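Input sequences plus hints: build the corresponding full structure.
Residue numbers (numbering that gives the first Met the number 0): 0 to 116.
FYI, nobody ran anything at the bench for these hints, they're computed from the structure. Owing to the predicted nature of the structure, the values given are computational and were not obtained by experimental measurement. Ideal placement from N, C-alpha and C gives every residue a C-beta, glycine not left out. Treat the hints loosely; a few may be bogus.
Stated by the list, open to error - Simulated DEER-style distance windows between Cβ atoms: (1) Leu98 x Arg70: 11 to 21 Å; (2) Phe8 x Leu48: 10 to 20 Å; (3) Glu102 x Thr4: 38 to 48 Å; (4) Gln50 x Gly28: 16 to 26 Å; (5) Glu81 x Ala13: 44 to 54 Å; (6) Pro84 x Gln110: 34 to 44 Å.
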Amino acid sequence: MRKTTSTNFSNEEALAAICPMHNVMRVLGGRWKIALLYFIHQGHHRFGLLQKKMPFITTKMLSAQLKELERDELVNRKIYAEMPPRVEYSLTEKGQTLLPVLEDLYSWGEQYIPAQA
Numbered sequence: 000m001r002k003t004t005s006t007n008f009s010n011e012e013a014l015a016a017i018c019p020m021h022n023v024m025r026v027l028g029g030r031w032k033i034a035l036l037y038f039i040h041q042g043h044h045r046f047g048l049l050q051k052k053m054p055f056i057t058t059k060m061l062s063a064q065l066k067e068l069e070r071d072e073l074v075n076r077k078i079y080a081e082m083p084p085r086v087e088y089s090l091t092e093k094g095q096t097l098l099p100v101l102e103d104l105y106s107w108g109e110q111y112i113p114a115q116a
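Structure representation (structure tokens):
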């Protein structure tokens, strides 16, 4: 998070006001967010399942990315009062609106995966 008095903050605010793609990148930017949304949509709702699906992400980063998605109202977090506590994630209505975009990105990515040597 930038200082609100910095020039960079002012520049980002100005850019966000005139460029919708900047807002998209602010919400979906980062290495893991798009994949997380896709995997949650595919039925991987629990934290542990998401970790198994994405073995290269650290627990700290996974938690941070999920919190950001929750903050941006794309993901719901539900805690069950069990021992040990169980946490499940689901897409919000706003997150559901991204599904056609995610499916198009997935299809595009399938076409352009570099050939394995």
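Status of each hint after checking the structure:
no. : hint                       : verdict
1   : Leu98 x Arg70: 11 to 21 Å  : 20 Å, holds
2   : Phe8 x Leu48: 10 to 20 Å   : 37 Å, violated
3   : Glu102 x Thr4: 38 to 48 Å  : 41 Å, holds
4   : Gln50 x Gly28: 16 to 26 Å  : 21 Å, holds
5   : Glu81 x Ala13: 44 to 54 Å  : 47 Å, holds
6   : Pro84 x Gln110: 34 to 44 Å : 41 Å, holds
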